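S.K.: Residue numbers for the sequence shown follow the numbering used here, so the first one is 105 and each next one is one higher.
Wrong hints could be hidden among the right ones.
Stated by the list, open to error - The calculated label-pair distances, taken between Cβ atoms and stated as ranges, are:
hint, residue 1, residue 2, range
1, D188, P151, 54 to 64 angstroms
2, Q117, A164, 25 to 35 angstroms
3, A149, E125, 35 to 45 angstroms
4, A122, S159, 21 to 31 angstroms
5, I108, Q138, 16 to 26 angstroms
Think of the hints as simulated: they come from the structure by calculation, not from any bench. Predicted model, so just to flag it, every value in this text is computed and none were measured. Ideal placement from N, C-alpha and C gives every residue a C-beta, glycine not left out.
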Amino acid sequence: MEVIPTRLVELAQQCLAASQEVTGASVGGAAALQLDGSAAGNSDAAPTLITAHQSLVEAASQACDRLVATLEHDYDGLLAVAFDVSTTDLDQAQGYETQLSFVELLQAGVV
Numbered sequence: 105m106e107v108i109p110t111r112l113v114e115l116a117q118q119c120l121a122a123s124q125e126v127t128g129a130s131v132g133g134a135a136a137l138q139l140d141g142s143a144a145g146n147s148d149a150a151p152t153l154i155t156a157h158q159s160l161v162e163a164a165s166q167a168c169d170r171l172v173a174t175l176e177h178d179y180d181g182l183l184a185v186a187f188d189v190s191t192t193d194l195d196q197a198q199g200y201e202t203q204l205s206f207v208e209l210l211q212a213g214v215v
């Protein structure tokens, strides 16, 4: 399997963009879903309905926050892997270059 650091960075950027999108939707959506105490009328079930609605909005907001945290964690992890792969590739290339130079010196009879 070939790992291409630039693709990992692109995927990381997609994770960050998704987290920002979820944050924006969550903040805007939660504000729009707030109800005052009289929104369900004056029936006996009104307070229970309002309380249930508020609990649902809070749970949805918490789920969005957790999703954002996961996406941001994935963003950080993908960037770290891209960096590690790039560094390892560079180290390996330099090692091969050193070995190749030594072989060329051997062939030239210098060593």
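S.K.: With respect to the beta-carbon atoms only, verify the hint that A149 and E125 lie 35 to 45 angstroms apart.
M.R.: 36 angstroms, holds
S.K.: Just to be sure I understand the hint, the distance between the Cβ atoms of Q117 and A164 should be within 25 to 35 angstroms; is that true here?
M.R.: 26 angstroms, holds
S.K.: If I claimed the Cβ atoms of D188 and P151 lie 54 to 64 angstroms apart, would that claim hold in this structure?
M.R.: 55 angstroms, holds
S.K.: Okay, A122 versus S159 on CB: inside 21 to 31 angstroms?
M.R.: At 26 angstroms between Cβs, range holds.
S.K.: I want to verify a distance hint. Is the separation of the beta carbons of I108 and Q138 within 16 to 26 angstroms?
M.R.: 46 angstroms, violated
Of the numbered hints given earlier, the model fails hint 5 alone.
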